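*Asks:* Sequence:
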Amino acid sequence: MASSPSLILLGALLALATWQAIAFDPSPLQDFCVADMKSPVRVNGFACKDPMAVTPDDFFNAAMLDKPRNTMGSKVGSNVTNINVMEFPGLNSLGISLARIDYGPLGLNPPHIHPRATELLTVLEGTLYLGFVTSNPNRLFSKVVKKGDVFVFPKAMIHFQMNLAHDKPAAALSSLSSQNPGVITIANAVFGSDPPISDDVLAKAFQVEKKLIDWLQSQFWENNHY
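Residue numbers for the sequence shown follow this note's numbering, beginning at 683 and rising by one.
Think of the hints as simulated: they come from the structure by calculation, not from any bench.
Note that the structure is predicted; figures quoted are calculated from it, not measured.
We put the beta carbon where it would ideally sit given N, CA and C, even for glycine.
Treat the hints loosely; a few may be bogus.
[Stated by the list, open to error] Taking lysine to aspartate or glutamate pairs in the DMTMM-like style, the calculated list, with each CA pair at most 20 Å apart, reads:
| hint | residue 1 | residue 2 |
| --- | --- | --- |
| 1 | Lys850 | Asp876 |
| 2 | Lys850 | Asp748 |
| 3 | Lys892 | Asp882 |
| 4 | Lys757 | Glu769 |
| 5 | Lys749 | Asp732 |
| 6 | Lys720 | Asp740 |
| 7 | Lys828 | Asp849 |
| 8 | Lys886 | Asp831 |
| 9 | Lys886 | Asp896 |
| 10 | Lys886 | Glu904 |
| 11 | Lys893 | Asp882 |
| 12 | Lys749 | Glu769 |
| 13 | Lys829 | Asp748 |
| 14 | Lys828 | Glu807 |
| 15 | Lys828 | Asp748 |
| 16 | Lys837 | Asp849 |
| 17 | Lys829 | Glu807 |
| 18 | Lys757 | Asp740 |
| 19 | Lys757 | Asp831 |
| 20 | Lys720 | Asp739 |
| 21 | Lys893 | Asp876 |
| 22 | Lys892 | Asp881 |
| 23 | Lys749 | Glu807 |
| 24 | Lys757 | Asp881 |
| 25 | Lys850 | Glu807 |
[As the list claims (entries may be wrong)] Beta-carbon label-pair distances, calculated as ranges:
| hint | residue 1 | residue 2 | range |
| --- | --- | --- | --- |
| 26 | Met719 | Leu747 | 17 to 23 Å |
| 27 | Lys892 | Lys720 | 19 to 25 Å |
| 28 | Glu904 | Ala847 | 46 to 52 Å |
| 29 | Ser709 | Pro797 | 56 to 62 Å |
| 30 | Val826 | Phe742 | 33 to 39 Å |
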């Protein structure tokens with residue numbers, strides 16, 4: 683009979699294996715599960731539409747991702763067009779989504795994270811400076827990339843992209859390893875949360891005076907993800 687330490691070790695290994703198995707979007711248990719956005723059932727994801735009611739249009743989205751988006755109205759000079767399960771119910775349970783990012787001259791997709799996805803970015807047009815920062819001790823991996831180049835941002839790492847051109851736009855297409863990757867823009871979350879984080883907390887965290895924190899919290903922190 684196995685000893686207690688052996689059983690504890692076995693239990694720990696099983697727990698680790700289980701954690702790894704559920705670390706990403708769950709694998710589908712059927713051919714497809716088109717999201718029923720009207721279902722009152724609450725599950726991790728969305729309930730399935732009746733398979734007999736599914737049509738080819740459920741697997742199609744006229745996203746027009748070949749068309750540039752307007753970046754003029756954005757303070758940071760970028761526009762992110764998301765194609766995830768919220769816009770495309772056919773993605774439900776498939777563990778994948780897309781985003782087109784348009785950058786105006788010197789446009790920035792500011793530091794942010796996708797809590798549920800790894801991102802693979804392909805440059806469609808222009809030259810970008812991009813990178814991500816690891817967990818502590820916060821090492822930066824950055825690079826200048828050009829049309830046709832590909833760069834990967836590991837899951838939940840803070841990352842960013844910036845168009846280096848002063849006089850012309852840039853664009854990229856990203857694939858993400860979740861039907862609903864989520865996004866947390868760092869500055870928006872820290873200074874634009876509702877209700878706001880205490881200025882005492884932020885002043886101490888950033889080692890600045892409270893009046894600077896109050897000014898930052900008074901700004902309009904826009905969302906460039908549409």
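*Asks:* Determine for every hint whether it applies to the structure shown.
*Replies:* Checked hints:
no. : hint                          : result
1   : Lys850 <-> Asp876             : 36 Å, violated
2   : Lys850 <-> Asp748             : 17 Å, holds
3   : Lys892 <-> Asp882             : 7 Å, holds
4   : Lys757 <-> Glu769             : 25 Å, violated
5   : Lys749 <-> Asp732             : 33 Å, violated
6   : Lys720 <-> Asp740             : 14 Å, holds
7   : Lys828 <-> Asp849             : 16 Å, holds
8   : Lys886 <-> Asp831             : 41 Å, violated
9   : Lys886 <-> Asp896             : 13 Å, holds
10  : Lys886 <-> Glu904             : 25 Å, violated
11  : Lys893 <-> Asp882             : 10 Å, holds
12  : Lys749 <-> Glu769             : 17 Å, holds
13  : Lys829 <-> Asp748             : 15 Å, holds
14  : Lys828 <-> Glu807             : 7 Å, holds
15  : Lys828 <-> Asp748             : 18 Å, holds
16  : Lys837 <-> Asp849             : 32 Å, violated
17  : Lys829 <-> Glu807             : 5 Å, holds
18  : Lys757 <-> Asp740             : 35 Å, violated
19  : Lys757 <-> Asp831             : 27 Å, violated
20  : Lys720 <-> Asp739             : 17 Å, holds
21  : Lys893 <-> Asp876             : 19 Å, holds
22  : Lys892 <-> Asp881             : 6 Å, holds
23  : Lys749 <-> Glu807             : 12 Å, holds
24  : Lys757 <-> Asp881             : 24 Å, violated
25  : Lys850 <-> Glu807             : 10 Å, holds
26  : Met719 <-> Leu747: 17 to 23 Å : 22 Å, holds
27  : Lys892 <-> Lys720: 19 to 25 Å : 47 Å, violated
28  : Glu904 <-> Ala847: 46 to 52 Å : 22 Å, violated
29  : Ser709 <-> Pro797: 56 to 62 Å : 20 Å, violated
30  : Val826 <-> Phe742: 33 to 39 Å : 36 Å, holds
The structure shown violates the earlier hints numbered 1, 4, 5, 8, 10, 16, 18, 19, 24, 27, 28 and 29.
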